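Colleague: Use the sequences and the hints to build the structure in full.
Spelled out, the chains give:
Protein chains: 2
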Amino acid sequence: MRNFKLTVRYDGTDFFGWQTQPGRRTVQETLEKAFVEITHEGRVRLNCSGRTDSGVHAVGQVANVFSATKLPCDTLLRAVNAKLPADVCVRELVEVPQSFCANKDAVRKTYRYVIQDGRVQDPFLRKYAWFVRQPLDAAAMSRAGECLVGRHDFRCFETEWPNRLTSVRTVTHLSVNRFGECLWIDVEANGFLYNMVRAIAGSLVQVGRGFWPETQVAEVLKAMDRRLAGPTAPPEGLFLMRVTYPPLAA
Amino acid sequence: MRNFKLTVRYDGTDFFGWQTQPGRRTVQETLEKAFVEITHEGRVRLNCSGRTDSGVHAVGQVANVFSATKLPCDTLLRAVNAKLPADVCVRELVEVPQSFCANKDAVRKTYRYVIQDGRVQDPFLRKYAWFVRQPLDAAAMSRAGECLVGRHDFRCFETEWPNRLTSVRTVTHLSVNRFGECLWIDVEANGFLYNMVRAIAGSLVQVGRGFWPETQVAEVLKAMDRRLAGPTAPPEGLFLMRVTYPPLAA
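Chains A and B, in that order, are what the protein sequence lines are.
Going by numbering that gives the first Met the number 0, the first sequence runs without a break in its numbering and finishes at 249.
Going by numbering that gives the first Met the number 0, the second sequence runs without a break in its numbering and finishes at 249.
No lab work stands behind these hints: they were computed from the structure.
Small disclaimer: the values here were computed from a predicted structure and weren't measured.
Among the clues, some could well be false.
With a straight-line cut-off of 27 Å between C-alpha atoms, the simulated DSS-like cross-links for lysine-lysine are [to be verified]:
| hint | chain 1 | residue 1 | chain 2 | residue 2 |
| --- | --- | --- | --- | --- |
| 1 | A | Lys126 | A | Lys82 |
| 2 | B | Lys82 | B | Lys32 |
| 3 | B | Lys82 | B | Lys69 |
| 4 | A | Lys126 | A | Lys69 |
| 5 | A | Lys82 | B | Lys103 |
| 6 | A | Lys126 | B | Lys32 |
| 7 | A | Lys126 | B | Lys126 |
| 8 | B | Lys126 | A | Lys32 |
| 9 | B | Lys32 | B | Lys69 |
| 10 | B | Lys82 | A | Lys126 |
| 11 | A | Lys103 | A | Lys32 |
| 12 | A | Lys126 | A | Lys32 |
| 13 | B | Lys82 | B | Lys126 |
| 14 | B | Lys103 | B | Lys32 |
| 15 | A | Lys82 | A | Lys69 |
Modeller: In structure tokens, the structure reads:
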């Protein structure tokens, strides 16, 4: 069997997230179906860096898949894309060592959360940003987010979920930048808890609206209590931008 | 009656263009319906700078409308937007002199035509760019387009249409710029013939593909024969960016 690493991009609007679920249109099932059609293998199983929720987008999701196909990578890439609907595509496809696992080998992920804070929702952003009618103070949000950089227990930003061994993660970058009516919250970490970026976005927006003092984000983090964090921001603003692997693994 | 100038933005994907047509969802009808609901006037008629075709987008379309409403502009703007579906919005609404006509007073319009020329169609661009699988030579397209700037008879780039008095227009700006896998063709003129930007885009792509020598665009222009121009590029790549009026008219 050969092992292939795929870089996948999708508009999450019309998908019920990554993971296969009976009766739902998901990214995983859509991709696996395309692979089965091309390789004529009975069952193909894609393994991704981390599933995304319903409505969440990906610019650079990474997955791997085992297959006995003899097709060269270039041909396989073109054939798979020819089978895929227009809201998902494989950007890159390379053969990797048998040991490569898109999930376990990921060392870093970057998410972007997009917010539009104009007076009127932009028709072009309605599926790709959280619309907040109130003008947000991006500088205050940026300062408030600084406390999240570093190694912390992020359980306050985790939606309830089957227990993980630990809720400690290391955030290596967090920035809030304004481009006209858009705010980008960029977060890079060695891993993310369930709904972590959306809970961080929801909390920073509390600061941006002036509902919370800037220092409150640090207090929420310290308190380790989900009920103190801001609301979970909606999925349409979230993009998985890229997943980083050690040079040897891929 | 008061006269209002509106700046309108719409995602053209799910509209059959601007102009009201029986049994079709159009931008004009959608806006007029929202105005009728708010002003309770039997009939409201929007007059735009120039209708856009089915599937064409607008970042800054301009229209004017007469109404006897007593509502302040700010209230009217908010009320109209509250009635509109998410794929169209009014960005600005100001009261203008009775004489203002969004169509006749327009002195300049700017269109952008967006092309994606990557190997794989980008899911996020599928409704907002023309996907050309072949890599395009943007520099050659830019040089080829230079001959279009100035006052010319553009009938070679006009799709057949009820005769206008003249097909002479003045293009004040034309540029082709690359941003990663995207090309932007920006065209500013004192007016446009039917499908003119899409025929120009189709012709420049012939150069970008290497099918035409750079000089051929100038020859097509000189020949004044539509059959010699490139194909009409698809609507999803076209954006009406802005309409300019003399300072006194608005």
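Colleague: State the violated hints by number, sorted upward, taking the hints as numbered earlier in the document.
Modeller: Hints 4 and 5 are the ones this structure does not satisfy, whereas the remaining hints hold.
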